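With chain A fixed as given, assemble chain B onto it according to the hints.
First to last, the protein sequences are chains A and B. Under the numbering used here, the first residue of the first sequence is numbered 609, with each subsequent residue one higher. Under the numbering used here, the first residue of the second sequence is numbered 456, with each subsequent residue one higher.
These aren't lab readings, by the way, just hints derived from the structure by calculation. Computed from a predicted model, the values in this text were never measured in an experiment. Treat the hints with caution; some may be incorrect.
Below 20 Å or equal to it, Euclidean Cα-Cα: the simulated SDA-like pairs (lysine to any residue) are [to be verified]:
# : chain 1 : residue 1 : chain 2 : residue 2
1 : B       : K641      : B       : L678
2 : A       : K1127     : B       : L744
3 : B       : K548      : B       : S514
4 : A       : K1127     : B       : I763
5 : A       : K1074     : B       : I763
6 : B       : K646      : A       : R877
7 : A       : K924      : B       : Q655
8 : A       : K997      : B       : F627
9 : A       : K997      : A       : K1011
Computed footprint of chain B on chain A; a stretch qualifies when at least three of its residues, placed anywhere within it, have a C-beta under 8 Å from a C-beta of chain B [stated by the list, open to error]:
#  : stretch
10 : 927-938
11 : 957-968
12 : 981-989
13 : 993-1004
14 : 1053-1061
15 : 1126-1135
All C-beta atoms, glycine included, are put in the ideal place defined by N, C-alpha and C.
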Amino acid sequence: MDEIALRLPSTMTQAEIKLCSLLLQEHFGEIVEKIGVHLIRTGSQPLRVIAHDTGTSLDQVKKALCVLIQHNLVSYQVHKRGVVEYEAQCSRVLRMLRYPRYIYTTKTLYSDTGELIVEELLLNGKLTMSAVVKKVADRLTETMEDGKTMDYAEVSNTFVRLADTHFVQRCPSVPTTENSDPGPPPPAPTLVINEKDMYLVPKLSLIGKGKRRRSSDEDAAGEPKAKRPKHTTDNKEPIPDDGIYWQANLDRFHQHFRDQAIVSAVANRMDQTSSEIVRTMLRMSEITTSSSAPFTQPLSSNEIFRSLPVGYNISKQVLDQYLTLLADDPLEFVGKSGDSGGGMYVINLHKALASLATATLESVVQERFGSRCARIFRLVLQKKHLEQKQVEDFAMIPAKEAKDMLYKMLSENFMSLQEIPKTPDHAPSRTFYLYTVNILSAARMLLHRCYKSIANLIERRQFETKENKRLLEKSQRVEAIIASMQATGAEEAQLQEIEEMITAPERQQLETLKRNVNKLDASEIQVDETIFLLESYH
Amino acid sequence: MAEVKVKVQPPDADPVEIENRIIELCHQFPHGITDQVIQNEMPHIEAQQRAVAINRLLSMGQLDLLRSNTGLLYRIKDSQNAGKMKGSDNQEKLVYQIIEDAGNKGIWSRDIRYKSNLPLTEINKILKNLESKKLIKAVKSVAASKKKVYMLYNLQPDRSVTGGAWYSDQDFESEFVEVLNQQCFKFLQSKAETARESKQNPMIQRNSSFASSHEVWKYICELGISKVELSMEDIETILNTLIYDGKVEMTIIAAKEGTVGSVDGHMKLYRAVSPIIPPTGLVRAPCGLCPVFDDCHEGGEISPSNCIYMTEWLEF
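Bound conformation, chain A alone:
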């Protein structure tokens, strides 16, 4: 524990801070944004200093911190002399960009039920299992045919499966003390969680079915932006799992994305069967290998054969052939580490992630500067250091063009020059100038561009919405009127009349707006995919 309260200045770039600011504002509103960005900029600070420096009332700061802590965006620490300091987790704030991807992934693995469970957990930060089950059951019932409801048991089952596969985990909680400490309580509780309890589902007997809402007074999409810390809902019955809160396990999702990227790379380079074998190997290593390990644990060919998906009918010999091919392939994603058990194989995670990051760099060079430039880039990557003349010769590109392209990439920081003087006076005519690619620094440069790009996309999206604000509000009013009229049993003709309040060109405008907003949204998520690959390489 640090004795001195370290106030480290933020190591985040302007682009990252700007992006965090946009995200916090969009999800939680002005006040939370102000406090959050302040903490990101200044490092860790105690409550009163925050209030003073931002000129916000103590009460509002407390509420803002509540929200931020609830969503794991801010953490706190009790220092000596009882001072509690709050620190923002900037990289965690940036993960909010990835929420749609987490939710969609759960949908593909555990269908709609799983999707809504993770969505609720992400939107609320932390929830008890009983609260999640109830909410999700209600939401699913809403979408079902009249008369049908979603049973709590089914939702509970999915929840348990999510916990078993580590996609959701328990939050650290107040440690249960045997004898209550006679002394004054600490200014802030220190929350702990035991490794083995992290995925332990409490024994609940949740019985019930989802209820339909009668009117859309508070649907999930239109929740008020400034969120309040969640108390359990106003139930008269005692909550059976009070104090046991759950959150989405982002690291587990990241591991899944990483596996997906590796499998699809193998599918692109080799074939479907090879990629399925790699997928099987990664699945077998899910629990045994940590995310930052360079290799998975060695798996024997026999084990792999037994673990192949049920529908896959390939013989053991064919599997062995595929494994040999994978191990010999220049990709080097799979390696052979021994001969026992029919052959021991590992997945070279570090190499795979490096290759994916490099491929990302190459893709950007190709799209931005053209194929010839990409050829030069890959050439220098492979040969590590080259003189200009050598680049011309190997790439078979005329001298003038090659020079132009090298300088372009140099100025955009995709390449750097290494000087090797022949004489002590470093005279330029007697110095070797070697072109080289520093992958780490190029990746960092590109990451920075990604953050700024997403900030640009969000700003454009907000601009488009603002431009059409009047029309949007009108459209919402009309919707509300129609809904209430439907509820009171109005006639078709009356409904028609109200709908016509929005003219055809206005409808067109709304359509265009919707399309644009969706396109910008989708683009944010796509750029985040690039961010994921580049960050995984560090």
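Positioned in the frame of chain A, the structure of chain B alone reads:
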């Protein structure tokens, strides 16, 4: 009677005779003979007579004087050349010698100067002279376009000077290289596809998707798209550019000596491949390709709100 010392005049002390003997010897040993050899052959001739004879032969241009590690060598000069050089003086002969030694790589004028220790003006005069006599020619080097190398008139310049198959008259043939690049790729692509569709066991499938550099070379030769004769090495340089394009991968396998296409017990195999990732997310957004990215910020002249690239992209 007083004794008279009679100097016995050897029968073949005639200077012309000596010269002819020396020439005969030179013909016998076309690589050159040392002074020792002449002495052995005609031991009765004094050193001075020998020297006179040799000097006469040299000045008549019938002998070449060379220096070797063991000493001086005399070599019969090519009679044809001997005729040519009749009018030239020693300096010219020296320069000519140097150029001849450079073979088909040619030699730069500055290097001629170093080797002969003659002043620049002299060198230039001599070079012009020799060029007009059509004994040497200047070839522009592809490496440095201002540099001229000199070589004997009837020699073919070496590849390193002319650039080989990819240069015609000092111009790099970009389109030719491009066409070869595409043709090689198409060949490898179709080979990989037939392998994929054959649906045999994975080992055979993979092995049949490879083509050796020899195979590709044969295919290109048979296509007949090249006016110049291409070697297997030339094709390998083209295939390497495909590797740098990310379209082809190469493996080296050990091959028995004598297998068609193997060099030094190795064979290079090439295969068409697809990229491991599709174009990345960043380049699908307008900001990823934007040329004025660094100048863009909200509230500025270029901003996300008024970005024309975004507008175009949204309308697409």
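Within the stretch 993-1004 of chain A, is the number of residues with a Cβ closer than 8 Å to a Cβ of chain B three or more? n = 3 at 8 Å, threshold three: holds.
Given the proposed pairing of K641 of chain B with L678 of chain B, does the C-alpha separation stay at or below 20 Å? The hint holds at about 12 Å.
Does K997 of chain A pair with F627 of chain B here, judged by a C-alpha cut-off of 20 Å? holds (14 Å)
Counting residues of the stretch 1126-1135 of chain A whose CB is closer than 8 Å to a CB in chain B, do you get three or more? Satisfied; 6 residues make the cut.
With a cut-off of 20 Å on the C-alpha distance, tell me whether K646 of chain B and R877 of chain A pass. Roughly 16 Å between the alpha carbons, so the hint for K646 of chain B and R877 of chain A holds.
Holds or violated: K1127 of chain A to L744 of chain B, with C-alpha atoms at most 20 Å apart: It holds: about 17 Å lies between the C-alpha atoms, which stays within 20 Å.
Within 20 Å, alpha carbon to alpha carbon, are K924 of chain A and Q655 of chain B? Within the cut-off at roughly 16 Å; holds.
Verdict on chain B covering the stretch 957-968 of chain A, criterion of 3 CB contacts below 8 Å: holds (count 4)
Holds or violated: K1127 of chain A and I763 of chain B, Cα atoms, limit 20 Å. With Cα atoms ~16 Å apart, K1127 of chain A and I763 of chain B stay inside 20 Å; holds.
Given the hint that K548 of chain B pairs with S514 of chain B, test it: the Cα-Cα distance must not exceed 20 Å. Judged against 20 Å, a Cα distance of about 11 Å means the pair holds.
For the stretch 927-938 of chain A, count the residues whose Cβ lies under 8 Å from any Cβ of chain B; is that count three or more? The restraint on the stretch 927-938 of chain A holds, since 5 of its residues have a Cβ under 8 Å from chain B and three suffice.
Given the hint that K997 of chain A pairs with K1011 of chain A, test it: the Cα-Cα distance must not exceed 20 Å. holds (9 Å)
The structure meets every hint from the earlier list without exception.
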